[in-house]
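Asks: Protein chains in written order, with the working numbering: chain A, 38 to 311; chain B, 2 to 359.
I should point out that these hints are in silico values taken from the structure, not numbers from a laboratory. By construction, the Cβ of each residue, glycine as well, lies at the ideal position given by its N, Cα and C atoms. Just to be clear, a hint being listed does not mean it is correct.
[What the hints assert, rightly or not] Simulated pairs of lysine-lysine, DSS-like, Cα-Cα distance not exceeding 27 Å:
no., chain 1, residue 1, chain 2, residue 2
1, A, K286, A, K64
2, A, K148, A, K128
3, A, K85, A, K148
4, A, K64, A, K74
5, A, K74, A, K286
6, A, K244, A, K128
7, B, K130, B, K351
8, B, K130, A, K148
9, B, K94, A, K208
10, A, K64, A, K148
11, A, K208, B, K11
12, B, K351, A, K208
13, B, K130, A, K128
14, A, K208, A, K165
15, A, K74, A, K148
16, A, K85, A, K188
17, B, K11, A, K188
18, A, K148, B, K351
19, A, K128, A, K64
[Stated by the list, open to error] Over 10 Å on every C-beta distance to chain A, these chain B residues come out as not near it, computed from the model:
no., residue
20, V23
21, L124
22, P125
23, N168
24, M219
25, G227
26, R257
27, G283
28, G303
29, F344
30, W355
[Said to hold, decoys possible] Just the calculated beta-carbon pair ranges, DEER-fashion:
no., chain 1, residue 1, chain 2, residue 2, range
31, B, F21, A, H267, 43 to 49 Å
32, B, F21, A, S80, 55 to 61 Å
33, B, F48, A, K208, 29 to 35 Å
34, A, K208, B, G162, 39 to 45 Å
35, A, Q199, B, R24, 20 to 26 Å
36, A, S292, B, L354, 54 to 60 Å
37, B, F199, A, T111, 16 to 22 Å
38, B, R51, A, H200, 38 to 44 Å
39, A, I303, B, E350, 54 to 60 Å
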Amino acid sequence: MNPRPDPSQLTAPDDGIARGGVLLDVKNVSLSFGGVKAITDISLNVLKGEIRAIIGPNGAGKTSMLNVINGFYTPQQGTIIFRGRERRSMKPHEAVGQGIARTFQNVALFKGMSTLDNIMAGRSVMMKRNIGWQMLWHGPALREEIEHREKVEEIIDFLEIQHIRRTPVGKLPYGLQKRVELGRALAMEPTLLLLDEPMAGMNLEEKEDMSRFIIDVNQQRGTTIALIEHDMGVVMDLSDRVVVLDYGKKIADGSPDEVKNSQDVIDAYLGVPH
Amino acid sequence: MFYRTAGQFKTSYEADHALFPVRQDAFLLGVVLVIAFVIFPLTASEFTFRALLIPVLIYSLAALGLNILTGYAGQLSLGTGAFMGVGAYACYKLITIFPEMNIVVAIALSGFFSAAIGVLFGLPSLRIKGFYLAIATLAAQFFLVWLFQKWAWLYNDNASGAIQVPNIDMFGITVAGPRATAITQYYFVLCVVCVITFFAINITRGRIGRMWKAVRDMDIAAELVGINLMRSKLMAFFVSSYVVGIAGALFVFLWRGAAEANLFDIPLSFRVLFIAIIGGLGSILGNFLGAILIVALPVIIGSVPQAFGIPLDSAMVEHLNIMIIGALIIAFLIIEPHGLARFWAMIREKFILWPFPH
């Protein structure tokens, strides 16, 4: 196996925000679909370099929150400040240019393509050569392809998926598909990485692997991570700060220990007698 | 044994991204090209060129165009015949307005006309998918064929309503029209098809090809990795219609010699679609295999029974042909949806392991 890539070369692009500064600030955001209120007046922030967990019972608005953050939904009220600038409403494909990448709750890979192509697709935005060069497959287009291939191979080494490089992802087991999806998100070199239930449906060993990758991404690459997860053990161990949502409202926010002992959170998860 | 890949190590990404990472593939293609460029011209008769070789190449090219759109970018289209017609009529107008124009230039330019029309009729793909899009492209099919019939300017107010290919010379050799020989036309078509296939392979394996496949496999995820859906869909329509338009220009100028509007009607669209499906969606090789099958089948049905002394009249050949093609399409959809190209891929896998399968 190749040696681990040098972490110092893999740090996320510098954007003038010091570690621990506010990277993303969501202020008083409300989102509704027709009469259904998905998110009601939620404020939360994500600090640079931290692992931030969003938890809550089913239907609490967690995934909607991620969709608001990466621009897939535009909230009716509230402001989102990312990297110190207030964000206009934008098309989802523009969010990538801003430095936000995400994975999905249900694996959303390109099933007909190989692992390598899936991860390469994550770099589409950074590849600029036009169709003329592409047709010839020479000069700039070939150089660009190889340059990005090298970056993608670093990610493949990092995630230890060398052996499935050429396998169509539709044929891979679920745990590996999740890993490839993480790889595709990493290929976008995000400042902020959003993970929607990265460990859903995994066995203990796969969860341990995935946790290790998440911590490595956070520490070696300095990528800020916001994740949704249902496995409380994982959430409490991994994250620096946790926000708890219930019925579209924020009911707790703080360190894992604070959240664990909050009466509101216990009520939300265990239920209260009426 | 002959296809062993062991020992062919790649030491750079450049080598790994070569057109043929496996040496035997390159050798095999070399053999096919030698047959196409040397053996066929030495041995084939006028009839073979006109009934088999030239149509196989032109249909392959049309199917390649459709495959870029349907197999790679996942946008179903039933308007291929009409887009071929746009290429053919555009080429006809260019040749008659500028008679001194080189035919290669005229054909290359006529592709842009069909590309523009293709993008126009591709606009609905931004909002609708699948069968609904197929119906929208069907509108292109009906509208354009109607236009070819009604707009007399397109066929220079010809009394017959048909376009006639004049004699066209290139560097002193007649390449199109009644005076052209089959062998020059064959070489002309072969060169165009080789060049466009080479370009198509490169586009589909690079950044743009990955974008198209991403849109095909999961459009929402494609959008969230930063792919602009609108641009990549319209680009697929552009490139696809360009290739289809060129195939249409070749279809009339290098093969049929004359064409009426109804030549580009739905049966042609379906014929090309069948070639793409039987050959294999999402594959370049498949178009050639599919075209060989579809074009060669009636010739084989017509000639083989006669060789065995069983006379078949031409109506019978026609009926048998339709029945067999129908059965083949159903069989392919059930047994191997990825078509002939996948069969070849499986045979190749077997060869790589043979004779030590474990």
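Asks: Hint by hint, note whether the structure agrees.
Replies: These are the hints, each one checked on the structure:
| no. | hint | in the structure |
| --- | --- | --- |
| 1 | A:K286 - A:K64 | 13 Å, holds |
| 2 | A:K148 - A:K128 | 24 Å, holds |
| 3 | A:K85 - A:K148 | 33 Å, violated |
| 4 | A:K64 - A:K74 | 17 Å, holds |
| 5 | A:K74 - A:K286 | 10 Å, holds |
| 6 | A:K244 - A:K128 | 33 Å, violated |
| 7 | B:K130 - B:K351 | 37 Å, violated |
| 8 | B:K130 - A:K148 | 18 Å, holds |
| 9 | B:K94 - A:K208 | 51 Å, violated |
| 10 | A:K64 - A:K148 | 37 Å, violated |
| 11 | A:K208 - B:K11 | 25 Å, holds |
| 12 | B:K351 - A:K208 | 19 Å, holds |
| 13 | B:K130 - A:K128 | 20 Å, holds |
| 14 | A:K208 - A:K165 | 31 Å, violated |
| 15 | A:K74 - A:K148 | 34 Å, violated |
| 16 | A:K85 - A:K188 | 23 Å, holds |
| 17 | B:K11 - A:K188 | 18 Å, holds |
| 18 | A:K148 - B:K351 | 24 Å, holds |
| 19 | A:K128 - A:K64 | 20 Å, holds |
| 20 | V23 | 12 Å, holds |
| 21 | L124 | 18 Å, holds |
| 22 | P125 | 20 Å, holds |
| 23 | N168 | 32 Å, holds |
| 24 | M219 | 5 Å, violated |
| 25 | G227 | 3 Å, violated |
| 26 | R257 | 29 Å, holds |
| 27 | G283 | 7 Å, violated |
| 28 | G303 | 38 Å, holds |
| 29 | F344 | 17 Å, holds |
| 30 | W355 | 20 Å, holds |
| 31 | B:F21 - A:H267: 43 to 49 Å | 48 Å, holds |
| 32 | B:F21 - A:S80: 55 to 61 Å | 58 Å, holds |
| 33 | B:F48 - A:K208: 29 to 35 Å | 47 Å, violated |
| 34 | A:K208 - B:G162: 39 to 45 Å | 54 Å, violated |
| 35 | A:Q199 - B:R24: 20 to 26 Å | 23 Å, holds |
| 36 | A:S292 - B:L354: 54 to 60 Å | 57 Å, holds |
| 37 | B:F199 - A:T111: 16 to 22 Å | 44 Å, violated |
| 38 | B:R51 - A:H200: 38 to 44 Å | 52 Å, violated |
| 39 | A:I303 - B:E350: 54 to 60 Å | 57 Å, holds |
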